[in-house]
Amino acid sequence: MSISKNLQKILILLIIGLFFAGCSTGSNNNHANLTNTLIITDIHFDPFDSCGESTSLAAQQCVAKLINNADASSWVFPSLPMNNYGEETNQAFFESALVNLSKAIKTQNIKNIFVTGDLLSHHFPTQFAEYVPGGTQQQHTQLAINTMNYVLYKISQALPDIKMYYILGNNDTDMGDYDFPTDSFMQQITPLIKNYMVNPESFATNFSSAGYSVMPFNDKVNVIGLNFNPLTINNSGAAIDEQKAIQQYYWLESQLSQAKSQGKKVIILQHEPFGMNVFDITTQDGFDIILQPDLQQLYVELYAQYNDVITNYYYGHYHMENFSVVSGLLSFSTLGFSVDFDNNPGFKILNIDQNGQLQNFTTYFSNYEHGSINWRKLYSLNEAYGINSEQYVNYFAESIVLGNNKSWYTYVLNYAGGNLESLNSDIPIAASINWKYYYCSIMNFESHSYNSCISSH
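Heads up: the sequence shown is residues 0 to 456, going by numbering that gives the first Met the number 0.
These are computed hints drawn from the structure, not numbers from a lab.
Even for Gly, the Cβ is constructed at its ideal location relative to N, Cα and C.
Hints may contain errors.
BS3-like, lysine-lysine: derived pairs with alpha carbons at most 30 Å apart [unchecked claim]:
| no. | residue 1 | residue 2 |
| --- | --- | --- |
| 1 | Lys105 | Lys153 |
| 2 | Lys64 | Lys193 |
| 3 | Lys110 | Lys193 |
| 4 | Lys153 | Lys259 |
| 5 | Lys162 | Lys64 |
| 6 | Lys162 | Lys105 |
| 7 | Lys435 | Lys376 |
| 8 | Lys263 | Lys162 |
| 9 | Lys259 | Lys162 |
| 10 | Lys105 | Lys64 |
| 11 | Lys110 | Lys219 |
| 12 | Lys153 | Lys64 |
Here are the in silico distance ranges between beta carbons for each label pair [stated by the list, open to error]:
| no. | residue 1 | residue 2 | range |
| --- | --- | --- | --- |
| 13 | Ser256 | Gly402 | 36 to 44 Å |
| 14 | Pro132 | Ile453 | 41 to 49 Å |
| 15 | Leu79 | His121 | 13 to 21 Å |
Could you put the whole structure together from the sequences, leaning on the hints where they help?
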């Protein structure tokens, strides 16, 4: 179902309003007691297409050089045009995005960066087979390692002296999608990337074996980065994944208990969110849920138990401006840095106080319609919805109203970064018939309550 002409007019007026609002500056960005934190997700860098067509001998030789060259500073790619909407991030896109990112945030006093997963392109193993005929698992592992190191290296070069908090995404592996990487991968990647992190040794302690970490945000707050890949429905029935998920659960419980006893707060980063897979539900493509229900319930109950310790949790995976309230906590995703879901690319600047509480955020985007990167403000949370930090949970749990109100249209419009060029099945929220699926997902994270909500609308 397409949106009505009246709704189109309303959305166009909102876009104009948001554009002019975007020309103003976020009110909290320079507040002395706030830590401005950049959050980027789902970069999906594609070293293969960056080298050229898979059938080209030159492209295959280019990929072979990347396998054998662990020095990220000396990687060289041919001069090719930037990728289109719906395609993975190639070198030209990545280079332009980072150069312009550096310019866009130079006055924002960014203290650190949350990178919430998926550095590697989708279908990495399939592409490897096409570009490296007869290639070995060792070569595949080495290319995945070198590519991830390259992506973090390029971020560090664009934003020098700003350290990172990084978590594994479902594509960040030398195995199949969502699969835990090989031991060789984890043991090699950890020392390569740890020095980009806020606290290299703290990051490396558990990351090299289990893919999770804890690092300080300040002396009152820790940031815990989790590996949610073993919890996913894609790995349902795999004993090793369930074992890793349970092992991480007990580790997280001990970290939260320790933080509480020390009077500290915790920010959690995870790639996959709790709840329903709305894109798959609306397109009838794949699983309706993301995480295994039993494992999800364990973590949801733990978050609820320590909801006075956990300030917020942030996720990626969706490539969109998605909100969720679970365990009495506001959480959200960020526009993908890539455009492979037909979203406009984007990132956020979080304004976080000394106790780890979010006070505001500003989402930046680039209208990629003309194939160029020019970052500008899309919206600020407090300004767009007329709320403050004390109201976040109640607002998204109870006050935002499905359908005919400005706030809901704001939610819809911002969801894909204002990309009105793709109001079709590629971005299902564009059709008003699908709105209830997105609305019900904000508060309902398991199938029964979610389906009850859908039925009531």
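Hint check:
As the CA atoms of Lys105 and Lys153 are separated by approximately 16 Å, the hinted pair is consistent with the 30 Å bound. For the given pair, Lys64 sits about 24 Å from Lys193 by alpha-carbon distance, which is consistent with the 30 Å threshold. With a CA separation close to 18 Å, the supplied pair Lys110 and Lys193 stays within the 30 Å bound. Taken as a hint, the Lys153 and Lys259 pair is broken in the structure, with Cα atoms around 37 Å apart against an allowance of 30 Å.
Taking the CA atoms of Lys162 and Lys64, the gap is about 29 Å. The hint holds against a cut of 30 Å. Annotation: proposed proximity of Lys162 to Lys105 holds, straight-line Cα distance about 15 Å (limit 30 Å). Annotation: proposed proximity of Lys435 to Lys376 holds, straight-line Cα distance about 28 Å (limit 30 Å). As the CA atoms of Lys263 and Lys162 are separated by approximately 21 Å, the hinted pair is consistent with the 30 Å bound.
Taking the CA atoms of Lys259 and Lys162, the gap is near 26 Å; set against the 30 Å cutoff, the hint holds. Only pairs whose Cα atoms come within 30 Å are accepted, and Lys105 paired with Lys64 is rejected, the gap being roughly 34 Å. Among the hinted pairs, Lys110 with Lys219 is consistent with the structure: their alpha-carbon atoms are about 16 Å apart, no more than 30 Å. The suggested pairing of Lys153 with Lys64 holds, with an alpha-carbon distance near 18 Å, which does not exceed 30 Å.
Range check, Ser256 to Gly402: Cβ separation about 43 Å, and the 36 to 44 Å hint holds. Our hint of 41 to 49 Å for Pro132 and Ile453 holds, since their Cβ atoms are close to 48 Å apart. About 19 Å separates the C-beta atoms of Leu79 and His121, a value consistent with the hinted range of 13 to 21 Å.
Hint violations for this structure: numbers 4 and 10, all remaining hints satisfied.
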